[in-house]
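Chains as they are written, first to last, in my numbering: chain A, 117 to 709; chain B, 117 to 709.
Just so you know, not all the hints are guaranteed correct.
One copy or two, either will do: identical chains are not told apart, so a pair holds if it fits within one copy or between any two.
[As the list claims (entries may be wrong)] No more than 35 Å apart at the CA atoms, straight line, and that leaves these computed lysine-lysine pairs for DSBU-like:
| no. | residue 1 | residue 2 |
| --- | --- | --- |
| 1 | 294 | 433 |
| 2 | 521 | 433 |
| 3 | 177 | 521 |
| 4 | 521 | 339 |
| 5 | 397 | 433 |
| 6 | 397 | 521 |
| 7 | 397 | 162 |
| 8 | 433 | 656 |
| 9 | 194 | 177 |
| 10 | 261 | 397 |
In case anyone wonders, no lab produced these hints; they're calculated from the structure.
2 protein chains.
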Amino acid sequence: MPSYTAPVEDLQFVLHDVLKVSEAQTPGYDELEADITAAILEEAGKLTSEVLAPLNVVGDKEGCRLENGVVHTPSGFKAAFEHVKAGGWPGLDMPEQYGGQNMPYVIGTAVGEMFSAANQAFTMYQGLTHGAASAILAHGTQAQKDTYLPKMVSCDWTGTMNLTEPHCGTDLGLMRSKAVPQEDGSYRITGQKIFISSGEHDMAENIIHLVLARIEGGPEGIKGVSLFIVPKFMVKEDGSLGDRNGVTVGSIEEKMGIHGNSTCVMNYDGATGFLLGQEHKGMRAMFTMMNEARVGVGMQGLAQADVAYQNAVNYAKERLQGRAVTGAENPDGPADPLIVHPDIRRALMDQKSFTEGARAFILWGATLIDAAHRGGDDAADGLVSLLTPVIKGFLTDQGYDMTVKAQQIYGGHGYIEEWGMSQFTRDARIAMIYEGANGVQALDLVGRKLAADGGKHVMAFFDLVKGFIKDNAGQDPEFDADFLEPLKAASKDLQSAGMYFMQNGVKNPNNALAGSTDFMHMFGHVCLGLMWARMALASKQALAADKGDPDFHQSKLATGRYYMVRQLPATALHLNRISSGADTVMALDAANF
Amino acid sequence: MPSYTAPVEDLQFVLHDVLKVSEAQTPGYDELEADITAAILEEAGKLTSEVLAPLNVVGDKEGCRLENGVVHTPSGFKAAFEHVKAGGWPGLDMPEQYGGQNMPYVIGTAVGEMFSAANQAFTMYQGLTHGAASAILAHGTQAQKDTYLPKMVSCDWTGTMNLTEPHCGTDLGLMRSKAVPQEDGSYRITGQKIFISSGEHDMAENIIHLVLARIEGGPEGIKGVSLFIVPKFMVKEDGSLGDRNGVTVGSIEEKMGIHGNSTCVMNYDGATGFLLGQEHKGMRAMFTMMNEARVGVGMQGLAQADVAYQNAVNYAKERLQGRAVTGAENPDGPADPLIVHPDIRRALMDQKSFTEGARAFILWGATLIDAAHRGGDDAADGLVSLLTPVIKGFLTDQGYDMTVKAQQIYGGHGYIEEWGMSQFTRDARIAMIYEGANGVQALDLVGRKLAADGGKHVMAFFDLVKGFIKDNAGQDPEFDADFLEPLKAASKDLQSAGMYFMQNGVKNPNNALAGSTDFMHMFGHVCLGLMWARMALASKQALAADKGDPDFHQSKLATGRYYMVRQLPATALHLNRISSGADTVMALDAANF
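Extracted from the complex, chain A is given alone in its bound form (with noise of 0.2 Å):
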């Protein structure tokens, strides 16, 4: 079965050699001493990994299962829920006036990633709900967040997201759900909605459903649609749970993989609901639980690579097989271990120069949240919302192809489930595809972020990389050429690409979209890129201080060297693909495809 080993060194190497949190300007930072965020880290890594994780494969083995209107979640989850629930987890990043702790968002990104990495499935319930309490904190009334939100922060009522109907997904301007005003100021929803997830389960008294509907007489199209909360048992005043609301489980979804998730198809025949935010603005409302989830999702892409590549590298060193080319290196053994050879070498190294650089871009851009957050900075507020699609987009389709190269060192043991790595390929998958599939994040991120207050976030992404060079080089001539000289040219590549959609996406936009998703990995890996100079500078640093594990630090520059030279430079062909344009896109006829 597989293990998880929470990485708390390289999370504590991040949060202060790297981002230098407790340093920062942003209010509650000046807590997040190392000794406090150790403690965290450490007991959320013990309970992931001896807790969730090994109920990772029961959820994957036996699944939800519909009973009578009742879902019953894998075995253990219950317990594992009240286990979490005890620790006050699910609450760590909310107000203390709902029962929350309070603590950054970063703290929150820091735990989740350990949480997605044990059990993504079982996490995604916890997950949910806090999207849903967001939103909830946004948007809602004093009165609907008093009602809702201490039962959410701390998971005795768990939340949903529904969005997607059979005919429509990402053009939500085709919704058919249905709102009707009621005299009590309440309304009527009726509509199907499907890929629920944590839709119906066992493991809540409640249930939170935000449902996005069209008001009887409304605006056509996405102008018309409202957001309304839908809960499973009525609330009365005095907080206790009244009659069942008119919201039922059709069936559940048969899914490639978190198959201990219950992803539901959900029936609305007449339910009460209540208006969250403005009329007709649901969009919006949503939005603020869609730009966490989008974090939360890409998040999960940096997760599941991770998991899969520690158990990759623990059979790498086991495995005896074949001999190194140079000489063997377990001579009084059958065979020397996979990790010798250069091939297997390569695919860990693409796996552990990925992880460790999403991991830095995951926190940095959590930091950002909180720095708009927190401290009302529109600058940062503007940068994040500009990366939240590359987070996202690049980061799950990355962390996909990762997983499927952690798979293939196992050989044939990979392809069976009993090792558990293929589960790890499917659970990951789905990332591409929730909150936005990822072509959505490239359309996002080219169509709409780029020029997004005349270009002013993407120029200031640009200065934080020049600026970084600038006040790095020519200190150190390895460190120049190892990481700034690759960071220019590529950051160089990036501005061009930009360049090239300004002078040909005005006259056909065509010609920016056909190279969206092209633009959304090169930009990630730019991003991947500075942290990688950022991480290296800090263990420079810490090298030269005499701070620190040597090795783990002498590790970290070797790692960063190898991104630097065999994943950076992949800009290049991005690039060469934007700069095509659309012609060779769109020469065909559909009806010569």
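Could you slot chain B onto chain A? The hints should help.
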């Protein structure tokens, strides 16, 4: 449920317009007139789309079931197998004297693509039989041939390959299964084999296992391994079946995909075996099967990519979602079909340009195999032995990626099993692993094939590319710019990579092996680039001669241009990685992963 349409027109184009098979000198090719091959391909197309494709999902859902030592195949498999046998398909390219039709291998390959695309798990039962029969044909005594081949060519008896043991897959020198010589010239075989495809099932009267084992007292390691024929039921002098042999199925593996094929743990407990070929030369005999199997597995990569692509195209044309950025294309409908969106097109063009290029590559490889085996052409034999790891490794890595892209077009519907897109990725995944994991293919290519016979074969490949460019340059500036120049640049990258290995691989072989997977991929791209240039030339000539369907040929040219612009330039990135050598790959101590 997904559908499958056999690509008869495209296969005919490759066979006749591009490869011009009926004009080739290879014995038997003179019979391959266009109307003959069309009749065969149409008949096979009908069988595969109407009989085999509908059973694909059935096989995935039901899987195989082991009860009291008997393996039950999924509903409908047995009837379909009888159908296939009645049509004589298993013996299509087998010798007439054993009941086959003696068609060239290239026809077997064209038909094989359809079978694999329609139902890979089902087709493996006859595929393994074909491989085992080929080994007996090449290495068996006349008596062995007479005993086994007629029944195997008809698939009344099926065959298996038994290599892997729990502790050894790639490194077969570690093998423990043993063979004890008996006085009657037979051997007693004892040991356990795992991952045995079609190892036990209910569709054949007898199963002929080819088993690698070590004759007691023989040399250590790989040089002491011999190959044995171990029938499930002993065969009497008169050809009728006798006693059950000492081979039993231990269990069926639970796998990520190809559920319709029974992947068995096989236990040999003093089973009677007959030496096939020479003592201690088992690997040589087994490689007869393996080389054929590797080309066949490369074909599976193409086949799964094609069927996934076909369904993705249908979905992209039907699913209405969003509007074209350049103005509504379906103004009377609620939204435009997915196929109007540039990023959807990019993904579809990636798939289309891959599958069509891969089809030509495989069929070209098959003509080389025919030239070698039927025509005794040593140059063709050398060339195809060089290309075999590229066919296997590149086409299965890329083929898998293409199934993932096809699945992505379905959004959430791609992740649920109902639409069948998940199965294509899960089935395609195995092709990167079995018959030598793709890392081993890369090792074979760079460590063995490249330098074989003094590098003669790779030089021949480059001469072939150069010759094609020289013969066709300077006649049409557009063709030169669109096809010949990109091909020349990519081929130059490949040569530079080979040069790097020569200059740096001798002093440190890790410098070559660290770039092996990149080299395999760039080699694959150059091969597909060559195929696209050849196809484009054929289509250009057909258009000029007003021959065939102009839409078909215009689409071919447009798809080729896409490949040359968007895919072929990947060679530069691979060269870049290769030229960085082994330093960053091998820098870390194993303990620091």
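Are there hints from earlier that the structure breaks, and if so, what are their numbers? Checked against the structure, the only hint that fails is number 7, while the rest are satisfied.
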